[in-house]
Amino acid sequence: MFSYPLICINWGEQVKYTSSIKKKGTFKYLISKGKYSREKYIVVYLTKNNKPNNVLGICVSKKNGISVHRNKMKRWIREIYKIEESNLQKGLNLVVMYKKDTKIEDIDYNTIKEDIINSFKKLDIYEI
RNA sequence: UAAGUAUUUCGGAUGGUCGCGCAUAUUUAUAUGUGAGGAAAGUCCGGGCUCCAUAGAGCAUGUAAUGCUAGAUAACGUCUAGUGGGAGUGAUCCUAAGGAUAGUGCAACAGAAAAUUACCGCCUUAAUUUAUUAAGGUAAGGGUGAAAAAGUGAGGUAAGAGCUCACUAAGUUUUAUGGUGACAUAGAAUUUGUGUAAACCCCAUUUGGAGCAACACCAAGAAAUAAAGGUUAAGACAAUGCUCGUCGUCUUUUAAGGUUGGUGGCUUGAGGUAUAUAGUAAUAUAUAUCCUAGAUAAAUGACUGUCAAAUACAGAACCCGGCUUAUGAAAUGCUUAAAAC
RNA sequence: GGCCCGUUGGUCAAGCGGUUAAGAUAUCGCCCUUUCACGGCGGGGUCACGAGUUCGAUUCUCGUACGGGUCA
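Using this note's numbering, you'd call the opening residue of the first sequence number 1320 and step up by one each time.
Hints are not guaranteed to be accurate.
[Claimed, not checked] Cross-link-like lysine-lysine pairs, in silico, DSS-like; alpha carbons within 27 Å at most:
1. LYS1422 with LYS1441
2. LYS1359 with LYS1393
3. LYS1367 with LYS1401
4. LYS1367 with LYS1418
5. LYS1354 with LYS1419
6. LYS1422 with LYS1409
7. LYS1382 with LYS1422
8. LYS1393 with LYS1440
9. LYS1354 with LYS1401
10. LYS1419 with LYS1393
11. LYS1381 with LYS1422
12. LYS1418 with LYS1440
13. LYS1359 with LYS1432
14. LYS1393 with LYS1432
15. LYS1401 with LYS1440
16. LYS1409 with LYS1432
17. LYS1381 with LYS1409
18. LYS1418 with LYS1352
19. LYS1441 with LYS1393
20. LYS1419 with LYS1401
21. LYS1418 with LYS1391
22. LYS1367 with LYS1354
23. LYS1381 with LYS1359
24. LYS1440 with LYS1422
25. LYS1391 with LYS1419
26. LYS1441 with LYS1401
27. LYS1441 with LYS1419
28. LYS1391 with LYS1422
29. LYS1440 with LYS1391
30. LYS1382 with LYS1418
31. LYS1352 with LYS1441
32. LYS1382 with LYS1409
33. LYS1382 with LYS1347
34. LYS1418 with LYS1359
35. LYS1419 with LYS1381
36. LYS1367 with LYS1422
37. LYS1418 with LYS1354
38. LYS1441 with LYS1354
39. LYS1440 with LYS1347
Don't read these hints as lab results, they were simulated from the structure. Note that the structure is predicted; figures quoted are calculated from it, not measured.
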């Protein structure tokens, strides 16, 4: 069923920061195979690969709001990940997903930051 | 002061630390510059641009579109100024506003009748049962309905009727005056033909189709097609046999189409700003000056200082002109009402 | 980004401008039955929303919202 392997991402180049997921099939593969941790507004999926870099994917559904709000929610997650990146392990595939009922009136930058840090702690991906 | 109405403007500014897209430099890691709207939205119209079709002209077809006048515009179903009609005390606003006398259809229920009408009525004649019937005339009055054959008065009559007359209302034709024109005002003749075209339809005008996932180029890979050439390698036709020949196999080149990936298309344009002139205005012309996003799972974020205080609707995806819808704040003019002078 | 289609009780769904908007199923109430089921009677609709045309709009026209399909 999931005939779209992870090889579709080009690993040969040197990537400055973490690269992003681009295909719909990879999202499906990671969500079905990975471990997850649920918070109040967010779900984080985790799998491992044997490469030197990390991969990040962000999902915001069309039911979470209009395009301005969706863009802002994506930018918050990128900002939080950028700050926490230096403390993480290497060789991870991460997918961050907003829940269906989440609206921008309920949440804030700081609440999302708490959620993500909690879920990272649960999944044990911080370097020691 | 309150309520309303019309028009216009703005859509936070300036710094610091970390970080993102693009361009340019040196250089391969830094520096500098720049970086989302008035609606970017809806996709309701019109154009540019690209490809396809097309000698030229006409007719027909179409789930076609538009429909008062003059002007503006590259063009428009848009805009400006007016005309007619309608709403409002008023400022002001709305108006798909040709044709019902080309033809067809529809008008539920109610009502006699929804278009050459007659239930109750009014009148005349005849008959006899003397208060009813039959034949005829008539459309004044009644009731129904959204809508009932133009309204009032007088004459006239057996009873009545635009049957006749006066005034009024509406339509058609026509004359004069004013206006570029739609049309307005005044007069004459004639008529009183229900409504509906946002029902079919008729008339006039316009219209070839598709859309940047268009289209062009580059590279890769392997399958199929066509043309030309080489050659006889599986083979077939033909022949006693051989050669030539034809088809086919193999192979080379070219062409066209398409798949995957990439590049271009991609932002200097019916551009913006200021001033002057013409015009009631929309807008046009001239001069000077400026270059202001271009991504491809898709760039604007986090923390914070100052400005008394503070940000609603909302995110470019080839470009431009309009319309519609969502929405915060401020200013000005005008109208109505109340109060005071 | 472009191009099309639709919206009628909880669900499915008919409706050539005109009577209180057909029908099925579900649900609620009453009746039938010793009781349940079957059966009988009845109730409940902003015709997505807002303007317009018309005497009159679920139906015709325009706009808005929501949902669905499609492109090589």
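Taking the hints in turn, this is what the structure says about them:
no. : hint                 : verdict
1   : LYS1422 with LYS1441 : holds, 25 Å
2   : LYS1359 with LYS1393 : holds, 17 Å
3   : LYS1367 with LYS1401 : holds, 19 Å
4   : LYS1367 with LYS1418 : holds, 23 Å
5   : LYS1354 with LYS1419 : holds, 19 Å
6   : LYS1422 with LYS1409 : violated, 32 Å
7   : LYS1382 with LYS1422 : holds, 9 Å
8   : LYS1393 with LYS1440 : holds, 21 Å
9   : LYS1354 with LYS1401 : holds, 22 Å
10  : LYS1419 with LYS1393 : holds, 15 Å
11  : LYS1381 with LYS1422 : holds, 11 Å
12  : LYS1418 with LYS1440 : holds, 20 Å
13  : LYS1359 with LYS1432 : holds, 12 Å
14  : LYS1393 with LYS1432 : holds, 13 Å
15  : LYS1401 with LYS1440 : holds, 17 Å
16  : LYS1409 with LYS1432 : holds, 21 Å
17  : LYS1381 with LYS1409 : violated, 31 Å
18  : LYS1418 with LYS1352 : holds, 19 Å
19  : LYS1441 with LYS1393 : holds, 22 Å
20  : LYS1419 with LYS1401 : holds, 25 Å
21  : LYS1418 with LYS1391 : holds, 15 Å
22  : LYS1367 with LYS1354 : holds, 10 Å
23  : LYS1381 with LYS1359 : holds, 19 Å
24  : LYS1440 with LYS1422 : holds, 25 Å
25  : LYS1391 with LYS1419 : holds, 16 Å
26  : LYS1441 with LYS1401 : holds, 19 Å
27  : LYS1441 with LYS1419 : holds, 22 Å
28  : LYS1391 with LYS1422 : holds, 12 Å
29  : LYS1440 with LYS1391 : holds, 25 Å
30  : LYS1382 with LYS1418 : holds, 10 Å
31  : LYS1352 with LYS1441 : holds, 18 Å
32  : LYS1382 with LYS1409 : violated, 33 Å
33  : LYS1382 with LYS1347 : holds, 19 Å
34  : LYS1418 with LYS1359 : holds, 8 Å
35  : LYS1419 with LYS1381 : holds, 9 Å
36  : LYS1367 with LYS1422 : violated, 31 Å
37  : LYS1418 with LYS1354 : holds, 17 Å
38  : LYS1441 with LYS1354 : holds, 11 Å
39  : LYS1440 with LYS1347 : holds, 24 Å
Hint compliance for this structure: hints 6, 17, 32 and 36 are broken, all remaining hints hold.
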